[in-house]
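Chains as they are written, first to last, in this note's numbering: chain U, 787 to 1120; chain G, 787 to 1120; chain H, 2 to 348; chain C, 2 to 348.
For the record, the hints were derived by calculation from the structure and aren't laboratory data.
Source: prediction; values computed, not measured.
All C-beta atoms in this analysis are idealised placements derived from N, C-alpha and C, irrespective of residue type, glycine included.
Below, simulated DSS-like cross-link-like pairs (lysine-lysine); rule was C-alpha separation at most 27 Å, straight line: (1) G:K803 / C:K162; (2) H:K4 / H:K255; (3) H:K218 / C:K255; (4) C:K212 / U:K836; (5) H:K4 / C:K212; (6) C:K163 / C:K3; (7) C:K274 / U:K966; (8) C:K255 / H:K212; (9) U:K1110 / U:K1014; (10) G:K1069 / U:K1069; (11) H:K4 / H:K162; (12) U:K1069 / G:K1110; (13) H:K274 / G:K964; (14) C:K162 / G:K836; (15) G:K1069 / G:K1110; (16) G:K1111 / G:K991; (17) C:K16 / C:K255; (18) C:K212 / H:K3; (19) U:K894 / H:K162; (20) U:K894 / H:K87; (21) C:K288 / C:K212; (22) G:K1069 / U:K1038.
Restraint-style ranges between C-beta atoms, simulated for each label pair: (23) H:R281 / G:G974: 31 to 41 Å; (24) G:E789 / U:K983: 53 to 63 Å; (25) G:I986 / H:S275: 31 to 41 Å; (26) H:G256 / U:E832: 23 to 33 Å.
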Amino acid sequence: MREITYLEAIREALQQKMREDDSVYLIGEDIAEYGGAFGVTVGMLEEFGKERIRNTPISEEVIIGVAAGSAMTGMRPVAEIMFSDFITIAMDDIANQAAKIRYMFGGKARVPIVIRTAGGGGTGAAGQHSQSLEALLAHIPGLKVVMPSCPYDAKGLLLASINDDNPVVFIEHKLLYKNKKYIQHVPGEMYEIPLGKGDIKRKGKDLTIVATSFMVQKSLDAAEDLKKEYNMDCEVVDLRTLRPLDIDLILKSVNKTGKLACVEEAPVFGGFMGEVASQVTEKGFDMLDAPIIRIAGRNCPVPYSLVLENEMIPGVERIKSSIKKMAGLSQGKE
Amino acid sequence: MREITYLEAIREALQQKMREDDSVYLIGEDIAEYGGAFGVTVGMLEEFGKERIRNTPISEEVIIGVAAGSAMTGMRPVAEIMFSDFITIAMDDIANQAAKIRYMFGGKARVPIVIRTAGGGGTGAAGQHSQSLEALLAHIPGLKVVMPSCPYDAKGLLLASINDDNPVVFIEHKLLYKNKKYIQHVPGEMYEIPLGKGDIKRKGKDLTIVATSFMVQKSLDAAEDLKKEYNMDCEVVDLRTLRPLDIDLILKSVNKTGKLACVEEAPVFGGFMGEVASQVTEKGFDMLDAPIIRIAGRNCPVPYSLVLENEMIPGVERIKSSIKKMAGLSQGKE
Amino acid sequence: MKKVKGINKASKKEKFLDIDGHKIRDSFPDLGREEKIGILRTMYRIRHFEFQTEQFIIRGMIHGTCHLYIGEEASATGAIAAIGPKDYITSTHRGHGHCIAKGANLNIMMAELLGKKTGYCKGKGGSMHIADVGAGNLGANGIVGGSIGIATGAALTCKMKKNGRIVICFFGDGAANRGNFHGALNMASIWDLPIIYLCENNVYGMSTPVKEAFNIKRISDRKYAYGIDGITIDGNDVTEVYNTISHYASLCRKGMGPVLVESLTYRYRGHSKSDAQVYRSKEEVKKWMEMDPIKRYAGRLISENLITPEDDKQIEKEVISEIAEADRFAQDSPFPDPADVEEDVYA
Amino acid sequence: MKKVKGINKASKKEKFLDIDGHKIRDSFPDLGREEKIGILRTMYRIRHFEFQTEQFIIRGMIHGTCHLYIGEEASATGAIAAIGPKDYITSTHRGHGHCIAKGANLNIMMAELLGKKTGYCKGKGGSMHIADVGAGNLGANGIVGGSIGIATGAALTCKMKKNGRIVICFFGDGAANRGNFHGALNMASIWDLPIIYLCENNVYGMSTPVKEAFNIKRISDRKYAYGIDGITIDGNDVTEVYNTISHYASLCRKGMGPVLVESLTYRYRGHSKSDAQVYRSKEEVKKWMEMDPIKRYAGRLISENLITPEDDKQIEKEVISEIAEADRFAQDSPFPDPADVEEDVYA
Ligand SMILES: Cc1ncc(C[n+]2csc(CCOP(=O)(O)OP(=O)(O)O)c2C)c(N)n1
Ligand SMILES: Cc1ncc(C[n+]2csc(CCOP(=O)(O)OP(=O)(O)O)c2C)c(N)n1
Ligand SMILES: [Mg+2]
Ligand SMILES: [Mg+2]
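All chains, full assembly: derive it from the sequences and hints.
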């Protein structure tokens, strides 16, 4: 069984879908000859040509505006915003146009666009190239927000996103792209993973960890260690999509474990896990044996220096020590 | 004792501060002859002239970029973004520049700008002129976010914002500007209300309502009714500033009442009250007698038609019925 | 701008006009009498629709704000008469005129203004978001310049699908300073997209005079920044608008790429529902009203013996009763059901 | 552009140059020998600083990415030599050259690259965020075009405080298609702000050739969109850069308003740490390297008998040891304390 990387899974989804459907095209900066800043679209110019691999000037808001206008008139664009930090430049076209057009027009338009973008830190790229801005997007009615954590999910979720008739922001993680540690068997044919369904990435009975994107992988590592070291059995729930949110799956897990730790990379204050924690408190208050904790980025921009960046972004050790403390296994500093 | 409107209180703060400090100037669209879309700056061109009441072309991102650059070099701009919805256009200059410059430069710059903007719905202006986007801003480290609910607070908080050495987003509510119902005694001299301190707008012992901006006023009305009709005594906590958040004040109140209802105008999903609810769950889990509830906007853009808009935005009746249901006073549909 | 062969070689009868230094074919004479009268009727429709809207405003029946197009009718009417029903337009916050010119149903439009379930947006959009996607109107937009990217995307569809359609992107002088204007015109230019950027310069962006917001005399000179063609025309002369857009529509279809047309016009009313108009003088307004686009055009049709003054009155009368009917329809229509508020967010 | 009286009347000895059709005073001869040598030294500093950075990259010592300025030295050096220490600049992601030319301390810069506490940003910013606010460098910027608004704001301060200072805003060809470029140049123009927008056209924005991203031959032609002056110069000729910026700096101080200068140059290395450079040929790179700005300028100084070839070598040698010292300083410096990660967010 072939095993491929996250990046290869994404590229395969794009290629297969483009072979099938002429209305799908790519638009973004340096996606043609260069193959995208992270190499996702390498080789696609050769196969699909300039018309369908549309390399643009540096104009994030116009990339999204153009994608939206072409989507309203029959195309299915996959737009790339090179770093998720640059979403801010296109925020009007995303939040006020693409997301709202359908509603404001009384349901009389469709805006089937996918906005692919690379999020997250850990690359030493500092404050303007490392952010996890999903909370800004997930709050906007009309958008769907997807964050795959592994190659299998990346392919299936991307195909579902392209096939979806709504604007979908698809946030990839830079540290997953080429990491051989996370290669996985991925079916060669096209398949969809439905948007709005989470996934249990590890079964457990003692505590529920809800995580997104790269934090799912770190949580899995932490869970293994906790099992080995303390015989503590964590269930790891991968949200897969932030909006729509699969709250039922989370509640089912919390109902079993009674404890919830939410792990995300963004600064904790105002982050998306506030929504998860709030919904669980609202709907599963009686299930909880302990306060929900959030393990997340520090409340600062992502710093440059490795020692600082490692402190800002939650790592396996911090996840473990926070959970140990919560479970009363240690005094571990959070 | 003179009583003035929210709008007059804001204008007075601007005028007095500008008389005192030459480095303070206003920049924004239609703020000169027109006096701003809501009339806040009417008459200021005459007093301060074109150089300090800088009317701009329609260029939100440049308004903020210019404000930031002039702040780094010694000015104290008060920039106006006409409707808070247009913040999206300036999001890079706000979130990636103004908010992060100090940190990215290792603390070696100051960016003392105030971004005044009109938020909220209820005016029939529909999806692109009615949003409450504070959750997008409060999540960004480096920003402070202020939402005054009454004339007294508006003046004191605005003066504190202008005197603050950080970028502050100051979100005013359109329905408060000229509403005579909310006129209040406001001292004639300059005074500051510290950023990061909440305020108890109504004392109570049975349940804590945390609210922001216009929702504070609606919550006060709801509290009065609940007192009259059910002898239920709600404490209303006005956050005043979302970031920094006065969590201590909230916890103190919840410790007394054991119940928390969070009220905000933005769509509930991913809204700022998720942060409040999460922090209270984390830090005050044992104080809670009941699940925290959030009473907020529906999960859709703000619709145009009055009947729909009234449904989307929480009104006094919805606040009351939700609280009654939570307190077990009724089966009231949420 | 891509070089393309000119529009069909001039036959003997054809006349070329000099508009702003450009040689533009006089295609107005090609129109039949009915079409020419149709243009007059459309302008009356827009004006009386707006009169009615104004009445609604005065009577407090409009929940939100409204931006009236009175005085600018020739711009939308002439431009849209010059393209086909399958071509696209995008509109602005001041969008009623574009919408009507693109063939919208007045009843449904008016119902939307009153927030009714029968409106174009089921009451969810209101004046600033009326769209008629089926008719090729991709919508009004509450964000100044908000539709510039969308229009450019529609033009990309036309190019990629090779469907022979083109796009007119309407926007105001104020929008020409938005950042996305810049990025979009550049992108359309490098990709030779079939789109006419039609800047309706009505002298003000809200209260800000064009002469304060620009340091250039002609907005169409921004063509030099993108290597495209550009022209400034009398936007109150519906035939000049018609001829210019016919000319460029034809070139667009042949692959010339985008063009920037600046249409000089004027709004008679305040910017929106509430505007004391301190930024302009009564004399200025009066001066412009003397060049009223409807009067001018009716006068032309009469002087060309295509209609009599009585025909003119009759057409206006017919329009007024259409509007009365729309008023009735709108008022009689039901409000949406609050329970549906979260519908239509997602497809 | 506001008309201002020309720079000081030409004395008999003064020479005027024709640069891109503009009459520009040859102010280079006014410089003393030491100043002229200083320009050479600065270019060597930039180049060797970048050589050292490249070594760090190869040895895996740079945590993040880096964009090297090798080949473009004349642009920053000539421009900044023409303004004063109190004037401001804003820089880009490719910012080491601007920072050095504005007088930054090499030790502190290099410490920042290695993420050290002693660096300009205490290790929090890295290559893309080095700023030296005290010296008037308002910072590199990781957002392409991100500093254009900031620079314009600094120019507004200069105007409002009447402090006689001006601003040079550096940015790349790629940034000239960003929306804020448009809004900022327009705003600077209507307000006559004292700012030189210096577009470093190095033929590519990442992998995208200028000829694909623009449909115009000269980026400086965008001056027509804003009613300002503009000029295209040889950015690899440090004296041409110096003369041009001297000329416009003087006009800016007199109130002319902004100007758009396009400086034609070329980067020798890949776009960033990782770039296979499939988008360009080795021949093209070689062709540009033959016009190397440092060799050209050293040659001029030698031919004017201001230095000998040995002096040239000696200067380079001195610079190399400065860099070695910076390397030592940076490597010996401590890393920041992780506990301080949340410091410096707020003032
Ligand atoms: C991005 C944005 N900024 C500001 C506004 C507020 N606003 C609405 S219309 C308008 C003036 C627009 O001027 P112009 O484009 O010339 O159109 P006109 O109203 O003259 O038809 C302004 C500033 C807005 N709706 N969107
Ligand atoms: C807004 C934004 N979009 C994209 C990028 C990614 N990026 C970094 S540098 C670059 C090319 C910039 O080209 P140019 O302005 O010509 O500068 P150069 O690198 O050639 O010096 C791109 C696309 C970015 N940093 N910011
Ligand atoms: Mg206008
Ligand atoms: Mg470049």
